Amino acid sequence: MRTAARPGPPISGRRRWAERVASLCVRVGGFAVVTGILGILAFLIAEVFPVLLASHVETEKQWSTTVTAPVLAVLTDEHRTHTATLAADGYLRIYRKGAEAPVMEEPIGDGRRIVSAKSVLGDTGFAVLAADGRIAWIPLEFSISFVEQTRVVQPEVSAPVWIATDQPAEDIEAFSVRHDATSTAAIFSTKDHHLAWIRISVEENMFTGEQAESVDRFDTQVSAAITEILIDREQRNVFAGATNGELFWWEVEGGALDQHATYRASEHAVTAMSMLIGDRSIVIGQADGSISVWFRVPQADGQIELQRIRDFPAHGSAIGLITPSERDRSFFALSNETMGLYYSTSSRTLWTGSPLLKGTTALSYAPKGDGVVFAGGGAVGLAHVENPHPEITLASLFGRVWYEDHAEPMWVWQSTGGTDEFEPKLGLTPLMLGTLKGTIYSLIIAIPLGILGALYTSQFVHPRMQSVIKPAVEIMASLPSVVLGFLAGLWLAPLLEKNFPMLVLMFLIHPPLILMSGWLWHALPKRFTARMVPGTELLLYGMIMAVGFALAFALAEPFEAQMFAGDFSRWLYESSGLRYDQRNAVVVGIAMGFAVIPIIFSIAEDAFSNVPKNLAAASLALGASRWETVVRVVLPTASAGIFSAIMIGLGRAVGETMIVLMATGNTPILDWSAFNGFRTLSANIAVEIPEAPHAGTLYRVLFISALLLFLLTFLINTVAEIVRQRLRQRFARL
Amino acid sequence: MNSKLERDPQLHNHRDLETVLEKPILAAESLSLWYGASQALKEISLSIPERRITALIGPSGCGKSTLLRCFNRLNDLVDGVRIEGDIRFHGSSIFDPEVDVNGLRRQIGMVFQKSNPFPKSIFENVAYGCRIHGMNRKRELEEVVERSLVRAGLWDEVKDRLHESALGMSGGQQQRLCIARAIAVEPEVILLDEPCSALDPIATAKIEELMQELKERYTLLIVTHNMQQAARASDYTAFMYLGERVEFGETGQLFVNPSEKQTEDYISGRFG
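Those sequence lines, one after another, are chains A and B. Under this note's numbering, the residues of the first sequence are numbered 1393 to 2126, in order. Under this note's numbering, the residues of the second sequence are numbered 231 to 502, in order.
Simulated from the structure, these hints should not be mistaken for laboratory data. Worth double-checking, as some hints may not be accurate.
Unchecked claim - Beta-carbon label-pair distances, calculated as ranges:
id: 1; chain 1: B; residue 1: Val-380; chain 2: A; residue 2: Leu-1930; range: 25 to 35 Å
id: 2; chain 1: A; residue 1: Gln-2117; chain 2: B; residue 2: Val-380; range: 32 to 42 Å
id: 3; chain 1: A; residue 1: Val-1860; chain 2: B; residue 2: Asp-495; range: 44 to 54 Å
id: 4; chain 1: B; residue 1: Val-311; chain 2: A; residue 2: Ala-1953; range: 49 to 59 Å
id: 5; chain 1: A; residue 1: Val-2111; chain 2: B; residue 2: Val-311; range: 55 to 65 Å
id: 6; chain 1: A; residue 1: Gln-2117; chain 2: B; residue 2: Glu-376; range: 48 to 58 Å
id: 7; chain 1: B; residue 1: Glu-394; chain 2: A; residue 2: Val-2111; range: 42 to 52 Å
Predicted, not measured: the structure shown is a model, and the values here were computed from it. Every residue, glycine too, gets a C-beta built ideally from N, C-alpha and C.
Turn these sequences into a full structure, and let the hints steer you where they fit.
Put into structure tokens, the structure is as follows:
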């Protein structure tokens, strides 16, 4: 024995060592758990954090050109390698980034001067008013090819579409062009308040390939001097702003310009006007520097009217240019002293600064929304726009937001549509309320069953049964929730849809039946009941339940005929206007209740069992019945434990994903009705994260909802734990 | 102990015992009890005289507490208990199916080994039994609580903090509170199951003193481990050993002149 050589008890060294290892293990384990949780929190925060980053606009390159004629319009390609300018001298010039001399220089309109030009949202090209009074659409294309791994951008100008106005150019005050595959529409107004709509349509004969061109022209009078005019993409609506601050809306209907209505923004002249992507919203800049967003809103009387929805902080002087993004609802507004970047949906001012170039005469958002191109005074420049998550604010996440085409501000979650033109609606409120709804409906089922079951098991049932019931209920908890969700969605939901009156009937029949059977059991002579094997009464209850079930089954049809006029869902709709969805809150309540019951049962059972037996004995010895003892001593003593059982059940219900994913229908609607579905935060993350572009706004918002869930469950569990600790202290002396 | 009890001088011999026991308040008759397969009580016959203190002594596991719990049928709740024989309370069987167990327990109160006040206020602890039995008027309850606390000798100590938690009291106070709680429902018999085993000598003395006062009104049956306590505080003593009643007699007699060898061995400390 080596230890024999050492003085002192030989075992103590090994014990001390074991002690150290054990305490180290415990410490490492505890530390790892805390680190793990903090790590998750840190990860969530890291994913959410970029939302808080400010937008910024920074000049990338600015260079002067040899051209002195003022630039009327600019464009850039997707990669911002080329910049196209259209100058008053009638030339279209395309520059490589930073190059003084153009790579392409082409006269437009046979060398005539250009009076006015603009770029149009959603199209690459320029709308042009030439000095001879003709209006043209000049299509431009940047074709991209790859030569030995290098991207080559090749600008191409196609043949312009010319439209004769029969008016001298100096008489034309405002004009606009909209072009698509089959037609080109132009509108213009003249000094004598004349408005003309000209559309050239090209129809191709499918057999001969012959092209037939037709021209429509409608004229009308306007009551004010028009400064800005817009055509929407469908070429059906025309919007115009006037010097007196009035807004006009015409519909192109049945061969005429039909004036829908006139609105007044303010007494200041409208100086700039633009559609936003989707052609639903119109941004209006005025002479007093005010910027507002308008769109069409259905009114209570069924009419649709243009309505002023949002205002942005005004500039100090008249708004000269507004250019919208082709990717989202952000836009630049430029006045003499100020340049600002704004976002319509969230009403955010993303960035303001002084104009990137003094005396800017043309401004255009880059196609990808990541830059802006500008020109003026012989100089051309490109700026980089960092604008990652413009649509997120606390108000847009949690408050009502007035979305395009909606009659009023609403809470909506509708994250994606088919195209970029769709306005993403990222309101978390319907999801939070969905979470709450699922939780409430499942707790309505789980709390009474879990707690009463625990009370019965711990206080009244024979100990031999007790040792069977508790593990059996706890096995319920081990059932994977995906199985529960699957059963709920594919088996229970259709079953309930067919047999809902039977469920109602069971709720009516069973409680009195059970109470009655309990009374019956006690009314039986003691001599008889005492001889029974323990647990017989449970068997009796089981039989009574079966009888109740059979009764409900037999009575369901006459019951439905009597109470619900033969068809429950129609009765529901006709009597209360509620629709019965197959996957609804009742189904979720039952399925999720099934998942939550074991948790509540188990913790509540422990709480009841931990009430010292001598307290119950004291109560019984005073002549209290078992029921009185339970109600007056056991329940109050276990109350904190029951509270913590409910809270932990609540935490489980809030975070539960698979059941709600499969059984709710995932409709993010705001409705408390038990008969329709909902979408919870957790299910929403599961549904949408595979579709959310990495680091995109939707992705970040999903992480915000994950953070929200994390904090919510953390809070609930913490409260439950604190209450449990206090309970432990309170009864430590017993 | 100076508060040494003056005994009723006329009860000092066997003949007096017999007269007292002619009409016992409680009587076990050939009572046997099994916990599952093991027999805990064997054919016990024991009569408890009214308004006296009877002590049950014996070594651990001899069945004293089990016997005590038979008197208020608290053993009913223990799983697997089987009882044969009978216990008569005022002459009628307590095991009769017609007997209201809760009513029986109201008449036969109990104080436990470990003080077990409810996690409620002092007032609510004492009022608990009365509330159970349907007394709800505040005035009446206040009266009962005060009376019970006075009788339990606790009134002066707690009258200013009746509505504070009972769990804040000392061990001795808690035990006297349990006695107050038991007497609040006006029982006839109070069963005390080693009430002083967790208390210090001063608290023990107080309880013993209290028992002497309570004997005026109630019949007391006390299980004790402490032979000095039995000798000091009881009028009659039963010695139990291995589930059997070995000897029962007037306390002085039993301690001074036991008739059984086992009793003598036990009280003289040869085993136990």
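Hint check results:
1. B:Val-380 / A:Leu-1930: 25 to 35 Å: For B:Val-380 and A:Leu-1930 the Cβ distance comes to about 49 Å; the hint is violated.
2. A:Gln-2117 / B:Val-380: 32 to 42 Å: Holds, at about 39 Å.
3. A:Val-1860 / B:Asp-495: 44 to 54 Å: holds, 48 Å
4. B:Val-311 / A:Ala-1953: 49 to 59 Å: holds, 55 Å
5. A:Val-2111 / B:Val-311: 55 to 65 Å: violated, 43 Å
6. A:Gln-2117 / B:Glu-376: 48 to 58 Å: violated, 37 Å
7. B:Glu-394 / A:Val-2111: 42 to 52 Å: violated, 27 Å
In this structure, the hints that do not hold are numbers 1, 5, 6 and 7, in rising order.
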